[in-house]
Amino acid sequence: VLKPGRSGGAVDWTAAEKAFRELAELASVPVKPAVPAAKAPAPMLPTEGVLLVVDEDAAVLAEAERLGRAHVVRVLTARTSDEARVLARRQWVDGALVHMHLGGPLGGIEAAHALRAEEGLGMLPLAFTG
29 VLKPGRSGGA VDWTAAEKAF RELAELASVP VKPAVPAAKA PAPMLPTEGV
79 LLVVDEDAAV LAEAERLGRA HVVRVLTART SDEARVLARR QWVDGALVHM
129 HLGGPLGGIE AAHALRAEEG LGMLPLAFTG
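Each number in my numbering corresponds to the 1-based position in the sequence shown with 28 added.
I should point out that these hints are in silico values taken from the structure, not numbers from a laboratory. Backbone N, C-alpha and C fix where the C-beta goes; we use that ideal spot for every residue, glycine too. Please note that the accuracy of each hint is not assured.
Subject to a maximum C-alpha distance of 20 Å in a straight line, what follows is the list of computed EDC-like cross-link-like pairs (lysine to aspartate or glutamate) [to be verified]:
no., residue 1, residue 2
1, 46, 93
2, 46, 76
3, 46, 110
4, 46, 122
Between beta-carbon pairs, the in silico distance windows are [what the hints assert, rightly or not]:
no., residue 1, residue 2, range
5, 132, 45, 28 to 34 Å
6, 38, 97, 35 to 41 Å
7, 94, 155, 25 to 31 Å
8, 90, 145, 27 to 33 Å
9, 153, 97, 16 to 22 Å
10, 49, 87, 29 to 35 Å
11, 37, 145, 23 to 29 Å
12, 98, 144, 26 to 32 Å
13, 94, 131, 21 to 27 Å
14, 145, 46, 14 to 20 Å
15, 37, 147, 15 to 21 Å
16, 151, 37, 31 to 37 Å
The whole structure should be built from the sequences, with the hints applied where relevant.
As structure tokens, then:
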């Protein structure tokens, strides 16, 4: 959905907002963190889900956060696979949206494998951006 913006083209924000609405519907059940965090996260709204977005582009991460607020989805952002793993250890996530061309030899695939290798995340729902 966001790929045209990376190439200098126009992003279809209607499609992006539709995708966030669908994610909000799917991630509407609050859950307790799998691992106690050193610092307690902000309280969740009753219908709020948590989506981890992993992308090197700060503008994409900022837009993901904006869309999350608009659709009652808590968005956690990470610019690297390592940052994503640290966040997923501290805070329960309902799913992850990973950029396919993330840094590293295997890009987003490597990041996805690393996330699913974390304790309690073997079945983490994943989606990829191009």
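These are the hints, each one checked on the structure:
1. 46 x 93: holds (15 Å)
2. 46 x 76: Cα-Cα ~17 Å, so holds.
3. 46 x 110: Violated. Residue 46 to residue 110 sits at ~29 Å, over the 20 Å cutoff.
4. 46 x 122: At roughly 18 Å apart (the allowed maximum being 20 Å), residue 122 and residue 46 satisfy the hint.
5. 132 x 45: 28 to 34 Å: Holds, at about 30 Å.
6. 38 x 97: 35 to 41 Å: violated (23 Å)
7. 94 x 155: 25 to 31 Å: violated (18 Å)
8. 90 x 145: 27 to 33 Å: Hint holds: Cβ distance 28 Å, inside 27 to 33 Å.
9. 153 x 97: 16 to 22 Å: At 21 Å between Cβs, range holds.
10. 49 x 87: 29 to 35 Å: Roughly 21 Å apart at Cβ, these two residues miss the hinted range, so it is violated.
11. 37 x 145: 23 to 29 Å: violated (35 Å)
12. 98 x 144: 26 to 32 Å: Between residue 98 and residue 144, where Cβ atoms are some 29 Å apart, the hint holds.
13. 94 x 131: 21 to 27 Å: holds (24 Å)
14. 145 x 46: 14 to 20 Å: violated (31 Å)
15. 37 x 147: 15 to 21 Å: violated (40 Å)
16. 151 x 37: 31 to 37 Å: holds (35 Å)
When the structure is compared with the earlier hints, violations turn up for hints 3, 6, 7, 10, 11, 14 and 15 and for no others.
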